[in-house]
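With the hints as your guide, set chain H onto chain U.
Which chain is which? The protein sequence lines are U and H, in order. Under my numbering, think of the first position of the first sequence as 667, with each following residue one higher. Under my numbering, think of the first position of the second sequence as 5, with each following residue one higher.
Please note that a few of the clues may not be correct.
Said to hold, decoys possible - Facing chain H, a subset of chain U residues (Cβ under 7 angstroms, in silico):
#	residue
1	772
2	834
3	836
4	837
Calculated from the structure, these hints are not laboratory results. Glycine included, each C-beta is placed from N, C-alpha and C at the ideal position.
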Amino acid sequence: MSIVIYSSAVSSGRIAGAIGSKDAALAAAVGQQALYLEALERDPVGTPQVLAALLAGTPPPPAQREASAYMFISLCQTLQTPMPHAWHWYLGIDTDPIAEYLEEDFGISGFSIREQFFSAYSHQCPFELPNYGGFPLVGYVPAAAFPALAAQMAHIRISEDDLWALKREMDYLRAEAHRHIRALAENMTFCAEQGLDLFSFCH
Amino acid sequence: MTQKELLQLVGQELFPDWKKISGLGGGLIYRKKALEGVDDIIIFPSGTLRDGLYVGTSLVGARSFDVVENILESFFRKKNLNDLLITIKYILDVKNDWSSVSIESAEDLTPIYAPMREVVFDQILPFLERFNTLEAVYEHAMEMHRIRDTDEFALSRFIHSPVEYRLLILKRLIVAPDFIEYGERFAEAYKDNPHWDSKGFYIELFEYLKKM
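For reference, chain U alone in the conformation it holds in the complex (with noise of 0.2 angstroms):
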């Protein structure tokens, strides 16, 4: 089984303000999100009834908790923010070279996306994150840590070139890893610039 990586940068407060809004028109965006679909096709009456449950700030039952969790990550990607790069990495085969390669390529030593996006900085979300010790999981950065994770990946400049140069080579692993450390580092600023939050989702 694979479990994939994905993230949304918004602010922390948009999201708290709309948990417990009840509003309509927000409803009716998260509806349209890829995620909401799926699950409105396996359970067409529940769905909207979790998702209110949600914009209503109503604690979901134990049964609804995981259906809640995703229609957070599908309320965080209705209010996100676009970022330079969308990432959709497999935990492992697209982070483990990503890890190895900052470390031998860029001199970042230890850095692992798991530990960064979903232990580091968890507990300082303003609000409790739906987390109910299972898939999906679901982490939290602040907008204040992305200054020094942008600074301490401002060296790295990653072209075109540069990725096709190691294709030529035959050097896929490290072009993918490369282009997927270029994505990071880029988002890393963006966040960074913008002020926003990174909300990261693994299932």
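Then chain H, alone, in the frame of chain U:
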């Protein structure tokens, strides 16, 4: 042992002055400049076996000519296509079955270095070294055509696919008299049946080469 350690260990023993590259799917790739504008590449398949790793016995030796691959690369970049930029290759299925050895430590590699060395340095590299010029590559391809009435598909064991693209470039670069005739044959076929064109830019390439 990790794939990367295996890559380094085999590299230190057999290819000390070659570039060592982790291939997709765990393959071990060694690359070295053979001549000005020409690189040699040796690829061993590799993966996990029982508690360790294995080195496969289906080897590929390849030679990449910049003058050919630079042309293709410019089109690949424009079309955002990924493909191996190698001009010729030599595929070898080795009979000595070292692939059944589960490699858990450096010592496990000791008995298989000798047959690996023999295959690479006595068979693959001498074959590649026969082709130091584009003319030699082209002559060998044409010889395969003449002797075995080989079609483009069968030629793909020597010229890397898409064969008709690389043969077209070769014909242009060595100024083969049938360059136009060969190009038009495929161009007309692909014009009528675009889905036969595996990369989708044969006609564009032909036009580019005609103006070169």
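Going through the hints against the structure:
no.	hint	verdict
1	772	violated, 17 angstroms
2	834	holds, 6 angstroms
3	836	holds, 6 angstroms
4	837	holds, 5 angstroms
Of the numbered hints listed earlier, the single one contradicted by the structure is hint 1.
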